[in-house]
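Here is what each chain is made of, one letter per residue.
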Amino acid sequence: MLDALDKGLLKAVADLEDIPKGAYNIRKNGRLLSRATSANVNIESNAEGTGIMVTIAPGTVNESVHIPVILSQAGLYDVVYNAFIVGAASHVTIIAGCGIHCGGPAPEGHEGIHEFRVGKGARVKYVEKHYATGPGSGERTLNPTTKVFLAENAQVEMELTQIGGVDDANRLNEATLGPGSMLLITERVMTDGDQKAVSRNEIVLAGDNSRSNMVSRSVIKGNSRQNFYATMVARAKCFGHIECDAIIMDNGANETIPALKAEHPDAELSHEASIGKIAGDQLTKLMSLGLTYEEAVNRIIQGFLR
Amino acid sequence: MLELKDLYFSITETDGTNGGRKRDIIDGLNFTFEPGKFYAITGPNGSGKTTLAKLIMGINPVSAGAIRFKGKDITGLTITERAKAGIAYSFQQPARFKGITFRDLLSMATGIEEEAKLLDLLRRVGICSLSFLDKAVDAKLSGGEIKKIELATTIARNPKLAIYDEPDTGIDLWTIGPMVNLLKREQTEHRTTTIVISHNRAFLKAADVVLMVNRGKFAYVGNLDGALPMLTDLSICNFKPCWEGEEDARCFR
Chain A
1 MLDALDKGLL KAVADLEDIP KGAYNIRKNG RLLSRATSAN VNIESNAEGT
51 GIMVTIAPGT VNESVHIPVI LSQAGLYDVV YNAFIVGAAS HVTIIAGCGI
101 HCGGPAPEGH EGIHEFRVGK GARVKYVEKH YATGPGSGER TLNPTTKVFL
151 AENAQVEMEL TQIGGVDDAN RLNEATLGPG SMLLITERVM TDGDQKAVSR
201 NEIVLAGDNS RSNMVSRSVI KGNSRQNFYA TMVARAKCFG HIECDAIIMD
251 NGANETIPAL KAEHPDAELS HEASIGKIAG DQLTKLMSLG LTYEEAVNRI
301 IQGFLR
Chain B
307 MLELKDLYFS ITETDGTNGG RKRDIIDGLN FTFEPGKFYA ITGPNGSGKT
357 TLAKLIMGIN PVSAGAIRFK GKDITGLTIT ERAKAGIAYS FQQPARFKGI
407 TFRDLLSMAT GIEEEAKLLD LLRRVGICSL SFLDKAVDAK LSGGEIKKIE
457 LATTIARNPK LAIYDEPDTG IDLWTIGPMV NLLKREQTEH RTTTIVISHN
507 RAFLKAADVV LMVNRGKFAY VGNLDGALPM LTDLSICNFK PCWEGEEDAR
557 CFR
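Chains A and B, in that order, give the protein sequences. The first sequence stops at residue 306 when you use my numbering, and every number in between is there. The second sequence stops at residue 559 when you use my numbering, and every number in between is there.
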């Protein structure tokens with residue numbers, strides 16, 4: 001059912017060697033390839049047939065859901081609307097991701113709109129990897145949208161990674177946090193050549209004692225360009241922090257704009273942003289351990305994007 | 307072991323009116339470091355101690371003269387090549403990374419990834435806490451912690467020549483003694499030629515030879531006792547050159 005190409009893409013975006021255990025939904029070239037549900041995790045196509053609805057029963061603990069998308073059909077632009085209803089007090093890991101293999105001159109793209117409704121006290125880890133490969137010259141586009149709503153005391157940790165090979169990416173992350181909830185986002189993006197990536201983030205801290213930390217790590221090689229915009233809006237007594245670091249190599253360009261908006265007197269918001277080359281003292285240290293300049297650069301970038 | 311021959315490091319100072327003016331930070335040094343000996347380099351701030359150490363490691367380019375290591379001219383070698391030749395360097399202000407742990411640095415320094423061998427290394431450098439291995443070498447580490455990591459990565463290289471630039475900065479009083487003992491043990495057990503830049507008497511005492519640098523030259527070479535008169539002598543205060551013409555300037559040494 002999975003050919004070598006599919007397996008390669010699945011490995012890259014979901015760390016899957018084969019069909020996963022537990023609940024999963026694998027989408028290939030705009031159509032369902034394979035699906036499994038579990039006692040606590042239900043997956044069904046939505047009424048419009050434009051995506052899936054994943055329902056996780058309250059109290060589900062230590063289960064994972066894999067929902068990778070793979071594309072290898074020239075000229076296809078696949079748009080999908082997925083919804084996740086995470087029951088109260090459940091504890092789950094959701095692994096998404098899109099792998100594109102482009103074999104010819106025609107463009108290929110995927111637009112995944114993911115909406116999460118995370119119930120009271122639920123804990124979700126969401127891992128999303130984007131990757132494109134193949135010998136073709138067609139433009140590979142990935143435009144993910146993630147909308148998260150956190151109920152009281154819910155915790156969501158999101159790891160969003162664009163590993164490489166994506167020519168054009170427009171990412172939108174939106175989150176609304178209820179009382180006592182916590183959202184951690186780590187976004188890692190590496191671009192090279194003439195690639196472009198834009199990330200827009202809007203996090204609304206709506207409930208008392210909600211907390212959020214957004215970390216963005218960008219590596220910009222070749223003539224590529226990355227823009228990062230993040231806004232934290234505080235509407236209650238809350239804590240929010242944005243940390244965005246960009247390493248520029250070659251002729252890369254970067255625009256980073258963190259924004260903080262306090263609409264409540266007890267809001268605590270902060271940000272730190274930096275753009276620059278790899279620090280000289282880091283390179284010197286690793287070279288003094290016997291690494292060549294190129295090896296030192298690789299190790300520093302690997303660590304930075306870890 | 308390590309020979310410095312007519313070694314110069316010069317910079318061009320710009321002073322507005324006259325354009326550039328050449329200044330020798332390292333001013334024609336000649337010296338031979340003997341294998342397996344422990345050298346302490348001391349001297350006033352700004353006298354050229356760190357600059358000299360960086361010339362030996364290849365971090366600063368030599369302006370004139372030559373450096374020979376184990377009979378070979380290494381003046382034109384890169385930092386990497388010198389490291390591979392057996393020179394290791396502990397930085398005064400160690401680099402802080404993002405996403406790189408102590409374990410990563412040790413593995414890079416040694417090529418070793420097996421847990422048991424890394425633990426052996428920890429024991430050798432006197433770090434008892436195993437959780438230390440997975441500490442991120444980032445801005446959150448305290449000054450003392452990062453210096454211990456720096457020292458450990460230097461020793462882990464099994465160097466023939468180890469250079470430590472002020473290893474005791476940020477280290478508490480209780481740790482300096484063990485640190486001196488550690489470097490002495492490395493010297494005796496592994497015959498590591500050791501160069502320590504320090505103002506700390508514990509390191510000066512431990513040294514076979516004390517080198518006092520002043521204005522880019524060796525003002526004294528010998529044992530600590532012979533250096534004591536100079537260490538207390540105000541005339542080598544290097545504040546002097548800069549207060550000429552400044553009436554309010556005073557030397558506090």
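Don't read these hints as lab results, they were simulated from the structure. Just so you know, these numbers come straight off a predicted model, no measurement behind them. Virtual Cβ for every residue (Gly too), placed ideally from N, Cα, C. There may be inaccurate statements among the hints.
[What the hints assert, rightly or not] Not the full set, but computed from the structure, chain B residues with beta-carbon under 8 Å of chain A:
id: 1; residue: Val-368
id: 2; residue: Tyr-395
id: 3; residue: Ala-401
id: 4; residue: Arg-409
id: 5; residue: Asp-410
id: 6; residue: Val-527
id: 7; residue: Pro-535
Okay, the hints, checked on the actual structure:
Given the 8 Å rule on beta carbons, the hint for Val-368/B is violated: about 16 Å separates it from the nearest Cβ of chain A. Because the closest C-beta pair between Tyr-395/B and chain A is about 5 Å apart, less than 8 Å, the hint holds. A distance limit of 8 Å between C-beta atoms decides the matter here; for Ala-401/B the minimum to chain A is near 4 Å, and the interface restraint holds. Annotation: Arg-409/B was flagged as interfacial toward chain A, and the flag is violated, the nearest CB pair being 12 Å apart, outside 8 Å.
Below 8 Å, beta-carbon pairs count as interface contacts, and Asp-410/B has one with chain A at about 7 Å; its hint therefore holds. Interface restraint check: Val-527/B against chain A, minimum CB-CB distance 26 Å, threshold 8 Å, status violated. Among the interface hints, the one on Pro-535/B is violated; its C-beta lies about 36 Å from the nearest C-beta in chain A, farther than the 8 Å criterion.
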